[in-house]
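K.L.:
Here are the chains, one letter per residue:
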Amino acid sequence: MLSLWRKIRRTGRVAEPPPPLPEGERPERAALLGGSVQIRHVDAGSCNGCEIEIGSAFGPVHDGERYGARLVASPRHADALLVTGVVTRNMAEPLRRTFDAVPAPKLVVAVGDCARNCGVFAGAYGVAGAVRDVVPVDVEIHGCPPRPEAIVEGLRKLTGR
Amino acid sequence: MNLAATGMAAVVAIGLVTALLAAVVPARSAVVGVGTAVTGAAAVVAGAAALAGGSFSVVLPEVLPLSGVALTLDPLGGLFVAVTGGVAVAAGIYAMSYVDSLDLRTRGVQVALPLFVVAMALVPAAANVSTLLVCWELMALASLVLVVAEHRRGPRVASAGRWYAVMTHLGFVSVLIGLMVFVAHAPDDSFAALREAGGRLSPAVAGVVFVATLAGFTSKAGIVPLHAWLPRAHPEAPSHVSALMSAAMVNLGVYGVVRVGVDLLGGGTAWWWLLVLALGAVSAVYGILQAAMSSDLKRLLGQSTTENMGLVLVGIGAAGLFASSGEHTLAALALTAALLHVVGHAAFKTLLFLAAGSVLHATGSRDLDALGGLRPVMPVTTAAFGLGALAASALPPGTAFVSEWLLLQALIHGLPAGGVAAAIAMPVAVAAVALTAGLAVATFVKAFGVGFLAKPRSGAAADAHESPFTMLAGMGVAAVVCVVLALWPAGVLPAVQAAAGGAAVSGDVTLRLSQATGALSPLLLTLGLLAAVVVVAGVVRAAVARRARREARLWDCGGGPMSARMEYTATSFAEPLQRVFDDVVQPELDVDVSHHQESRYLVQAVEYRRKVPDRIERRLYEPVLNAITAWGGAGRRLASGSVHRYLGYGFYVVCGALILLAVTR
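Same order as they appear, the protein sequences are chains A and B. Per UniProt numbering, residue 1 is the first one in the first sequence, and the count goes up by one each step. Per UniProt numbering, residue 1 is the first one in the second sequence, and the count goes up by one each step.
Chain B is faced by these chain A residues, among others (derived, beta-carbon under 8 Å):
1) S74
2) P94
3) R97
4) D100
5) A101
I should point out that these hints are in silico values taken from the structure, not numbers from a laboratory. The model shown is predicted, which means the values in this text are computed figures rather than measured ones. Glycine is no exception: its CB is placed at the ideal position from the N, C-alpha and C atoms.
Looking at chain A on its own, in the form it has when it is part of the complex:
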């Protein structure tokens, strides 16, 4: 126990200094949330590359939570969906239902190139389309996979902090 405390004290704070507030338009409804956004992550058919980067974006270095974004365990608790991967045929309906389950006002963030435009999987059998084809998308984040900084930047567009 003592060694744990010692370790914490020795390590100190590892979070990067916060970058300046991102440029670009902010979705209108994001302002209704008042700077605190609860997020449900949906893997619609991802290769898990984006998931690793999301994990990193909420890790100690980039610390997405300090900007008011937080991952939650159910769409019933969420304000926004964080969708990764192309939408496969099997996940199209569950994604739609998840979107329905989020209380209004709700937002959707498409993370990664697959979610934006199907990426390398475009035209493949089993792909129903990009996230935009299934549910309305408010914010898109580039990259395959996107860097954690990019994900944090996208989320800060929702929180406005």
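Keeping the supplied structure of chain A fixed, place chain B upon it in accordance with the hints.
P.N.:
Then chain B, alone, in the frame of chain A:
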């Protein structure tokens, strides 16, 4: 002839006429059902008259050789006669169509039902040992015929019948030994003479009498460790018979303990009652623990009977302990609680068994893991079982709450009374009663929630249908009694006090329980609870009405309709409890994982089996049964089939006997 005598005469006459009609009339089931219900109603009248003070006594010397039949009905016996009658009314009405639907119409079974009721009503009215034992045996035989009524259904019924026959007769032998020792020290075998002689017995003889009769009577009441027959026989019997056995017959074991221990032997010493208290506490906790693990609906109810009889014995043990230390008011309070629990248990156990029978009738299954989803298709049965489950769970608007609360009061107030023994026993008993009450809630939540709510887990449960009217009426009778007992116990409390007074009086004690009746107002409690529910519901509704509402799909992780396989089963619901009580119940778990042929990493199926064996049974009964089997094996070697050898045996035995006679002369 007063009302009690007329009632008992009617019980015997109507019961016997019904049995006779059952043997000759073609439309048996209706006749037997009505006859049994009327017999029960007569018993209720007789019992109530006796409780109101109209006791009677009659001796018929020519009916039985040697000692004759002697009947008397005092308030204590009257209570048990009335309870038996009440159960018989509900079971009789229920039997009219239940018997029609299942294959129970054979003549023997139909004749046995009214005889069973008559025998049960006569046991508490017996006024000498021979009458008691004859009625006791008649009751055992009639119920045995009824237990094996559905023997065509499978070998388990026959096995249950064998267990029951052996255990009930061992119990009978034990009672017989005890009472014979007792009678040997009295001028004759009437209870009056025994009561006279009871005070003069030496402690050793009195102890032998008490322990022998206790063993016999508790085996009938399904008390640990002589309970092994109960979870076998009660589930396998037809449901109205289960109700009669579980709600009326087991009570007579309690009656025997009270009659012999308190009334005839006059109280005895403290260790008797500590023994009773310990047996009761162990039975209560062990019974409800087994019930909580059980996934067979009727077996669960049977094990809950062991629990409730355990609670009754806790009350009786506490009463005896208080009486032996001179605290007669407390003793009366504890005994009142115990007898009130007998009455309440009879009401809700009848209701639960009849509702379980209705489920069995509609689905053909007693397995909770295959039931569920019965609420929309069997609304009345579901309501009846729900009411019974509430009554059994010792929660405020329930029947068992009143008596268990009284029992707890008696035990807690008993702390300053008595010596070291009471100081140790009472807190342990309080803990046992509290633990039992908690586990009972879990058990009945499981039985009701898994058995009746959510989605059906099998085709049979999905295709269920509501039972015919008479079955519902039988349940209705029991349900009304449950509600009355729960909301207005003050109505029956004087009667129960009269019965307790009739038994506990060993001096001139006034039994006024002002503290009990004054503090106990379940009706107000229930009204308060209802008002609170209404207020909370109103506030929530008002709060919700102001906001916009939206119809939304139930969140099922987006995966599609929820299936019955996603529900809690009885086994999974009990799993946390099973973990907590791992050391006590010692379940046997077995997990089989089968893999796909192509790859060991792909799982094809996982099979999970759990068995909760009865540990007491395994430790206590199996060695005895194995020893008997070994003896049988040894005996078989003597009987080789050779006639010469058998003739030789006879020859040598005769020679031996002659030599013995010659030597001893």
